[in-house]
Amino acid sequence: MSASFSLPRIRTLAMATVTQLLRMKIMAFLLVFCVIVVAAGFAFPVMNPEQQLKLLKDVSLGALQLFSIVIAVCATALLLPRDLEDRTLYTILAKPVPRHEYLLGKLLGVLILIGAGLVLMDIAFSGVLWLRQSLVLAQSVAALQQEGTATPEAVAQLKEFVGRQGLTWNLHLGVVAIFFKAAVVTALTLMISCFASSTLFTIIIAFLVTILGHGQGLIRDYFLTGHAGVVKKLLSALLAVVTPDMGVFDVVDNVINGETVTPGAFGFMAAIACTYLAGYAVVSHLLFVEKEL
Amino acid sequence: MSAESPQPPAVTVENLTKVFKAGLGKAAFTAVRDLSLTVNDGEVYGLIGPNGCGKSTTMKAILGLVTPTSGRTAVFGRPSTRVESRSEVGFLPENPYFYKHLNGLETLLFYGRLCSMSGKELKDRAREMLALTGLEDAADRRVAGYSKGMLQRLGLAQALLHRPRLVVLDEPTAGVDPAGSRKIRDLILGFKEQGITVLVTSHLLEQMQEVCDRVGIMAHGRMVREGRLDELIAVENETELVLADASPELLAEIRALVESRGHGARVVRSGHPRTTLEKLFLEVADQ
Ligand SMILES: Nc1ncnc2c1ncn2[C@@H]1O[C@H](COP(=O)(O)OP(=O)(O)OP(=O)(O)O)[C@@H](O)[C@H]1O
Ligand SMILES: [Mg+2]
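If you read the sequences in order, they're chains A and B.
For the first sequence, the numbering used here gives the first residue as 732, with consecutive numbering after it.
For the second sequence, the numbering used here gives the first residue as 122, with consecutive numbering after it.
Since the hints were derived computationally from the structure, they do not count as laboratory data.
Be aware that a few hints might be false.
Unchecked claim - Computed beta-carbon distance windows for the label pairs:
1) B:A252 x A:W861: 48 to 58 Å
2) B:R248 x A:S865: 50 to 60 Å
3) A:V801 x B:R262: 31 to 41 Å
4) A:V763 x B:E249: 52 to 62 Å
5) A:V1014 x B:K400: 47 to 57 Å
6) B:G173 x A:I854: 54 to 64 Å
7) B:P200 x A:T991: 33 to 43 Å
8) B:R263 x A:G960: 58 to 68 Å
Even glycine gets a Cβ: it sits at the ideal position worked out from N, Cα and C.
I would like the entire structure built from these sequences, with the hints used as guidance.
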């Protein structure tokens, strides 16, 4: 394995991937997301203020997570088979382009796209949440005033309470955690598409592994503490090894409940994400080098 | 040969065998069997043979796109498995296709960047290549809308973009109109003048006969005939007598002379005493 890395070349490949995906109109989901967020923000005015904000966060971050994983799987699964079927791979790899640079370019391209999509969705979501939060605060203060209990302390307390349920930096950390998760899924899907014979197969397996990965903690516990038979134990061990531990990145619920993500926990997530990315990238490369074109 | 030129040959293929593994339970297929060939620096080498005889597979092996089952291939002495071997090669695959979402110029810029070209130099070179291949008018149209011959021309432009010392062309004239195909022939003749080595396959044997210095004829994955074109198509037991401005009377006299004093020699025909590459091809393919 030659260890040449040409950043301009990887950038060229990554940008080509981004434009390729953009022209597939893949960003249309952004619009769908905005509709969902606005609907979640303003469609249920009957609930109490706290519930309203929580619902908005629940729905939005849930949609964010779902979209990012779906994009990660579908976009990535399309890339290699496309290039292979269209035979664009021949002309690309006939240039002095090492195969690992090609793979890295594809991976980076998808990550850039997902990252940009998440930033846009985060902005839209933050905007709606902030609007909603100001509205809720204004309503509650008005209600207090009507009751005649709008003492400065009561208003301050209300402000603090709504503020905690509203827009915080912590929420953005939740979005970054979602990005980590999507990045791991992207690398995983790329690895699968390096040996899969069809796009559909890649998509199905990638989703399956992702879903199993969310329950990896359970599978591991079952293996370590359960009293199951040898076969079941081996199977669970195998599953625990081949699936990524998605539970690591599940901080969204905590974030929604207003709990802060500590720098330590965040660093841990980042480290795990990088480890998975590197691991999958290396295995992808080993598979791709051997691949018949 | 090696005494004259210390430089390694442009292409070496040694005992190349390529077996394509089929799925479970299906028989593997041997596309190329124990093939050896050498393309010397500066020559035009033509690879011909019936459909499915392994020409494209051989080219892909030379470019490092398929891994040989056994044997070795090298370009300018560098093994094809190494990335550096591709820095001085331009490859036009058969039926080339490109990213649909790019236009012609963007496509060339993309490939140029992959070859570490950039800036104004790249832009100028890309325009030059578009002009050379007659695609100036289509430069800002999306590749998705290109016709077969236009794709072929773009493929050629892409292969020549980085001024390679070796060009590998897999059926460069497929789908190209007669004028374009003549132009490609002239282009190859131009390469020869510039000292650029060419490895080419084509089913247009008349054109191959015009451009090739040497040809290899493949069948069923094997090399069945190889040699200098003029030797291959010369007929061994015949002798050529080239006369200029010979009058019909003189020719009749010569004929009479051969008949009376020829000791069994006879005039087979007058005119061009050579077989054509096409005849040779059919003969070999029939075997
Ligand atoms: N990826 C592959 N998997 C399986 N078989 C293959 C593969 N690529 C080529 N072959 C087989 O190898 C043989 C040689 O193919 P190749 O493309 O080299 O032929 P060719 O000489 O270029 O033919 P043509 O004149 O039609 O272009 C064919 O029988 C083909 O079916
Ligand atoms: Mg072919």
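Next item on the list: Determine which of the earlier numbered hints do not hold for this structure and return their numbers in increasing order.
Entry: As far as the earlier hints go, 4 and 7 are violated by this structure, in ascending order.
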